[in-house]
Amino acid sequence: QKEVEQDPGPLSVPEGAIVSLNCTYSNSAFQYFMWYRQYSRKGPELLMYTYSSGNKEDGRFTAQVDKSSKYISLFIRDSQPSDSATYLCAMTYPTDSWGKLQFGAGTQVVVTP
Amino acid sequence: DGGITQSPKYLFRKEGQNVTLSCEQNLNHDAMYWYRQDPGQGLRLIYYSQIVNDFQKGDIAEGYSVSREKKESFPLTVTSAQKNPTAFYLCASSYGQGRSYEQYFGPGTRLTVT
Chain S
1 QKEVEQDPGP
11 LSVPEGAIVS
21 LNCTYSNSAF
31 QYFMWYRQYS
41 RKGPELLMYT
51 YSSGNKEDGR
61 FTAQVDKSSK
71 YISLFIRDSQ
81 PSDSATYLCA
91 MTYPTDSWGK
101 LQFGAGTQVV
111 VTP
Chain B
1 DGGITQSPKY
11 LFRKEGQNVT
21 LSCEQNLNHD
31 AMYWYRQDPG
41 QGLRLIYYSQ
51 IVNDFQKGDI
61 AEGYSVSREK
71 KESFPLTVTS
81 AQKNPTAFYL
91 CASSYGQGRS
101 YEQYFGPGTR
111 LTVT
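Residue numbers (our numbering), protein chains in the order written: chain S, 1 to 113; chain B, 1 to 114.
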């Protein structure tokens, strides 16, 4: 079983809708949780990171962490065609100070005009 | 502009040949990483380096080698011992201890071996 599970999609939504993405994980030691966006044939770019539980908001993006359920989410409000990409979750342990990240497989999102 | 560069963007090689992928960063980051990405499998760590002249194996190091002679550079060699080398290779860097969860990626090199 993989440490981090993520539905590969594709997830297709109309422009303006809310995109809801999530990952589940098995290792309760994970403390840092990241979301990356990857456009086709490009390198991933860091969107947001959160430490431990709670919510974090940045513009149209909201990241949530529920450590009791080992579940993290990313919400994209007012989605745009430019949000069409693959979204990767990643996580790591606080004791591993050099950042060996565990990635999910990524969810492909398609926002249709 | 600060960033990470990888070259070449596309690389084609015959089976049995070694090939070296370049990664350079001017972000003044201490740590650098190499990942491999295959369809449906996410990113898997090949090697990482915390400081110059030091590096550690990741989860899938067999068939790969690296060097870290300069802080800015972390080249990856895909050797003929790598059984399935065709993949998208990504280099990343971070400030290291305390902020290593913030990794910044290069544009990637797509390697095709036939």
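These are calculated hints, taken from the structure and not from any lab test. There could be a bad hint or two in this list.
PhoX-like, lysine-lysine: derived pairs with alpha carbons at most 25 Å apart [said to hold, decoys possible]:
| id | chain 1 | residue 1 | chain 2 | residue 2 |
| --- | --- | --- | --- | --- |
| 1 | B | K9 | S | K67 |
| 2 | S | K2 | S | K67 |
| 3 | S | K2 | B | K57 |
Sample of chain B residues with no beta-carbon within 10 Å of chain S, all distances over it, derived [to be verified]:
| id | residue |
| --- | --- |
| 4 | Q6 |
| 5 | E15 |
| 6 | S22 |
| 7 | Q41 |
| 8 | L43 |
| 9 | R44 |
| 10 | E69 |
| 11 | P75 |
| 12 | T77 |
| 13 | S100 |
| 14 | Q103 |
| 15 | T112 |
Don't be surprised by glycine CBs; every beta carbon is placed ideally from N, CA and C.
Each hint tested on the structure:
no., hint, result
1, B:K9 x S:K67, "violated, 39 Å"
2, S:K2 x S:K67, "holds, 17 Å"
3, S:K2 x B:K57, "holds, 20 Å"
4, Q6, "violated, 8 Å"
5, E15, "holds, 24 Å"
6, S22, "holds, 14 Å"
7, Q41, "violated, 6 Å"
8, L43, "violated, 4 Å"
9, R44, "violated, 8 Å"
10, E69, "holds, 19 Å"
11, P75, "holds, 17 Å"
12, T77, "holds, 20 Å"
13, S100, "violated, 3 Å"
14, Q103, "violated, 6 Å"
15, T112, "holds, 13 Å"
Violated hints for the displayed structure, listed by number in ascending order: 1, 4, 7, 8, 9, 13, 14.
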